[in-house]
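Undergrad: Sequence:
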Amino acid sequence: MRNRLCGIVESETTVVLRDAIAVCRALSVSFLWVDALCIVQDDPQDWQRESSLMGQIYSNAQFTICAMSSRSCIEGFLDGRVALTVPFQSHITPGIEGTFNLTRAMGSGYPFMDDSDLYIHHDFSLSSWRGRGWALQERIMSRKLLMFGRSRLHISCAHKWQIQGEPVKNQSYMVQICQIQSEVNLDTLYDKWYCKVAEDYSGTRLTYRTDRLPAISGLARLFHNKLRDEYLAGLWKGRLHQGLNWFTYRHDVANLSLSTLLKQLLDPTAYVAPSWSWASPDYAIHHDDYDYRHRNITNITHKYANITPHIAPAYTDPYGQLAGAKLQVTTRLIGIPSDIVFDEGTVHNYGYADVRNPPRRYIKCELDWGQGADRKLLKRVLPNGLRLMLLGAKNQFRSNKPTLYGLIIYLIPDTAEFLRVGIFWIERRNKGLGIFKDCEPMTINLI
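For the sequence shown, position 24 (counting from the first letter as 1) is numbered 24 according to full-length UniProt numbering, and the numbering increases by one without interruption.
Treat the hints as calculated values from the structure; they're not laboratory data. Note that CB positions come from ideal geometry on N, CA and C, so glycine has one too. Certain hints may be false.
Subject to a maximum C-alpha distance of 27 Å in a straight line, what follows is the list of computed DSSO-like cross-link-like pairs (lysine-lysine) [stated by the list, open to error]:
#1 K326 <-> K226
#2 K226 <-> K160
#3 K303 <-> K326
#4 K326 <-> K237
#5 K303 <-> K237
#6 K326 <-> K364
DEER-style ranges, computed between Cβ atoms [to be verified]:
#7 L206 <-> Q181: 18 to 28 Å
#8 G98 <-> R49: 48 to 58 Å
#9 R130 <-> C178: 18 to 28 Å
#10 E10 <-> G131: 28 to 38 Å
#11 A26 <-> R228: 38 to 48 Å
#12 A22 <-> Q45: 25 to 35 Å
#13 W33 <-> A314: 20 to 30 Å
#14 D267 <-> T85: 54 to 64 Å
#15 F31 <-> S125: 27 to 37 Å
#16 E10 <-> D35: 13 to 23 Å
#17 S28 <-> P167: 22 to 32 Å
#18 R18 <-> A158: 22 to 32 Å
Given only the sequences and the hints, what does the whole structure look like? Please build it.
TA: Here it is in structure tokens:
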């Protein structure tokens, strides 16, 4: 450490760092912040302090260098663009001569996308940078991004972006901090959080699972300053009945059994977030109500009597790593009235309970575990272990008959605590609230 503080020989740095230094020198920038150098490695206290400030570092930087074309720190990003240099001599005006560069054109396949947009779409889609957990906060919190892709250099800032060799476009390719700071509509802000933060961030790669919430703590603080809402393990109290209503696709949990899911959720050494938070699983999630404006979903209301959150941060950052969290919920609960019958004809992880005469399926379930391995075990679990917990109601497709929805929860044996293991909804053509009419509200702890 003492030697490094005195100076670092450039030849001892990684290729990516050398390229970043070259960019700064070319732009006459004197200071470069690199997390691997500026955060003391293997020092938990320094990491806790510095990681909580990373959002501010990005938002106050002159620009952020994004090595989109690099697959690792030992692969540079400045030499990745392959171009053919062709000499040119005008036959019309002999005094005009020089060279021009030819690069491979991107394939079309996107009829509603400009040809120039294909370059950034191609570079962004194929980049390993896109799948890194910490990179989401990096690209949203930065005021200006220099993105070095495989095909071109891309610059994104405020409400403009430009692809190398193309005109400036007065629009944004991705959500950035200025758009969040200037937004005044709260519904739009909640929508951006659940669609552009939670959904895009879920399923990304992290070296340490415990970084799941710290890696977006700067974003959470930014949204809190706009929403003035209470932050609950990746969700917001003001839209809790919608934030809880997330699901996964079948292919992501195909090989995950219910017993394995429960074991993961109850393992204190693997704890990242409560079972009800979208930050708990390692795979991608999607929110059923968002983007609700594009799904003809209206009049979304909660049907629970009360929810009292209890959040315990692991350290001083209220938006960072958690020691524990629970929701004390007062609402209506019922046992699942029948075995779950699986539907294999969709990418969704659907099952149906209380199937009467097809196609009149009563309760649609979307499970957090795969269907195959547990098909024969469900009858042993269902009678006492699984319950339906009412969350809210919504109108879909201009219907005046509300669709009820909520969580499928599992009672932990010998306790009074529950885990979330799925979601359900009762389609509008059925009896709706009637299934809960004989149930008195009760208070439970959801962990």
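Undergrad: Against each hint, give a clear statement of whether it holds in the structure.
TA: Consistency of the hints with the structure:
| no. | hint | result |
| --- | --- | --- |
| 1 | K326 <-> K226 | holds (25 Å) |
| 2 | K226 <-> K160 | holds (23 Å) |
| 3 | K303 <-> K326 | holds (19 Å) |
| 4 | K326 <-> K237 | holds (13 Å) |
| 5 | K303 <-> K237 | holds (15 Å) |
| 6 | K326 <-> K364 | holds (26 Å) |
| 7 | L206 <-> Q181: 18 to 28 Å | holds (27 Å) |
| 8 | G98 <-> R49: 48 to 58 Å | holds (53 Å) |
| 9 | R130 <-> C178: 18 to 28 Å | holds (21 Å) |
| 10 | E10 <-> G131: 28 to 38 Å | holds (29 Å) |
| 11 | A26 <-> R228: 38 to 48 Å | holds (42 Å) |
| 12 | A22 <-> Q45: 25 to 35 Å | holds (33 Å) |
| 13 | W33 <-> A314: 20 to 30 Å | holds (25 Å) |
| 14 | D267 <-> T85: 54 to 64 Å | holds (57 Å) |
| 15 | F31 <-> S125: 27 to 37 Å | holds (32 Å) |
| 16 | E10 <-> D35: 13 to 23 Å | holds (18 Å) |
| 17 | S28 <-> P167: 22 to 32 Å | holds (25 Å) |
| 18 | R18 <-> A158: 22 to 32 Å | holds (30 Å) |
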